[in-house]
Amino acid sequence: MSDLIAQLAVFGIVNGFGYAIAALGLTIIFGVMRIVNFAHGEFYMLGAFVAATLIATTGVPYLVAIPLSSVVVGVIGIASERVFIAPLHNRSHLTLLLSTLAISMIFLNAAELIWGSAPRVITSPFEESLYVIGPVFLTGQRVFIVAVGIVVVVGLGLFLKYSTAGKIIRATAQNPEGAALIGVNIGLVRSMTFGFGCGLAALSGALLAPISMTYPVMGQALAIKAFAVTILGGLGSLPGAIIGGLTLGVVEAIAGGTLSTAYRDLFSYAAIIIVLLLRPQGLMGAAR
Amino acid sequence: MALLQVEDLRVRYGEVAALNGVSLHANKGEFVTLIGANGAGKSTLLRTISGLSRGYRGTISYQGSRIDRLPVHNIVSHGLVHVPERRSLFPDMTVAENLKLGAYRLKDKSSFPSKMAQVLDYFPKLEERKYQLAGSMSGGEQQMCAIARGLMLGPELLLLDEPTLGLSPLLVGMLGKIMKTLHGQGLTIILVEQNAHLALSLADRAYVLERGAIALEGTGKELASSDSVRKAYLGL
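Top line first, the protein sequences correspond to chains H and Z. The opening position of the first sequence corresponds to residue 830 in our numbering, with each subsequent residue numbered one higher. The opening position of the second sequence corresponds to residue 50 in our numbering, with each subsequent residue numbered one higher.
It is possible that part of the hints are untrue.
27 angstroms max Cα-Cα, derived DSS-like pairs, lysine-lysine [said to hold, decoys possible]:
(1) Lys156(Z) - Lys990(H)
(2) Lys996(H) - Lys149(Z)
(3) Lys280(Z) - Lys996(H)
(4) Lys996(H) - Lys179(Z)
(5) Lys158(Z) - Lys996(H)
(6) Lys990(H) - Lys149(Z)
(7) Lys179(Z) - Lys77(Z)
(8) Lys270(Z) - Lys164(Z)
(9) Lys229(Z) - Lys990(H)
(10) Lys77(Z) - Lys158(Z)
(11) Lys149(Z) - Lys164(Z)
(12) Lys990(H) - Lys174(Z)
(13) Lys156(Z) - Lys270(Z)
(14) Lys149(Z) - Lys226(Z)
(15) Lys158(Z) - Lys990(H)
(16) Lys179(Z) - Lys158(Z)
(17) Lys179(Z) - Lys164(Z)
(18) Lys174(Z) - Lys149(Z)
(19) Lys990(H) - Lys164(Z)
(20) Lys156(Z) - Lys996(H)
(21) Lys149(Z) - Lys229(Z)
(22) Lys156(Z) - Lys179(Z)
(23) Lys164(Z) - Lys996(H)
(24) Lys77(Z) - Lys270(Z)
Treat the hints as calculated values from the structure; they're not laboratory data.
Produce the entire structure from the sequences given, and follow the hints as far as they go.
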């Protein structure tokens, strides 16, 4: 039994890194723009499809397709911000929210038109290797996901803390008017941040695709999980997104594996409800 | 030619008129102050000059060219720096980081260390607080940090909105001296002040703003001796 739990927990951590990467994107967008990106799941889905298409049409290896797909989707994100969000930035939050919902619908239906609704599989070269750590079995792809997750988390932290661009992003999040007054083009920061956040969602999609299926509505479930993770960790908190992602991944893997996979989502939402009841600011959020 | 020329500027917030045709100017090297009651439109005027708010009529020219349709960051990069009333700092960053970001648009990066040294010389308190989070300082210290950050860019025209608000009399005196020094070095300053005594004593020229329009204009001395100003703003 404990061997099973260990195996499930490790699988949960792997998925948790995927959720954390997507949730980091959601969090950074929320921090700078104060909007919840309802299209986040669609950018995750696009990450998987663009990677699949790149591999199928140009024959690039999986390892190249991942970063390439993240960049392509990031650019799509920037364009979406310019067209659907920037013109509305003085409007109410509800208007912006609806606009991101529109982006979600457009990309969801576009994906069905372009790629069809049948699931497809992305094969990763790492799927062939197998690692055994004590009682736990792991394919290379899962180890790869964790490795990329750690690199992204550390890299993002260093970028935001030490680079000039990172400082400008933090400054804009803390005080947009103050940032404008020192000469920051905050419209540009908003676009770039949105694109960056969407790129992170795409990275998550391209990473998780080989251990799940790629189909147009795949992002819907992920989006709800990413929202749940940011609530769990504390809205706007980057460490919260990481810890929230890992927590959600482990809880749903263990609950799904020991009880029933039908209850998988039920348990993750129960965990969120409990956190909201006992600690409404989230695990890492500051009390407001 | 005036460094800054505002002509018939009109601003409204929704249906409420904030400025009803304001015209004023500041010559190069001049110290201009604006006094007026709360809600007279003083802050709105500065916000519209720096691009944070937009007028629906009228023009603003700086160094001979129109700036009233330029985005804020563009106006800043021409050396027009606005230090608004309270809350313009980045609260979760240190004083040093705030000052460093103030020089973000500095064209000559090599002048950064000397700018930093000079600013810390003006505000020695900030030297002590250098590695403290800006949001954790007192209101007065934050005010000084905001002005210091504005100076990091090496502005040509400085718009100061009520910098003495909430400061102790000692700090008000110190700030008055600093503004005088800056003016002496050739900086053009437009100061909005509730403290009319201080404002009129510093000013080359001053304007009285009432209900969104210029009610009086004159040298600091003229206004300080005008009966209506003495009654309404100096409490004499």
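key: Index of numbered hints that the structure contradicts, given in increasing order   = 3, 7, 8, 9, 13
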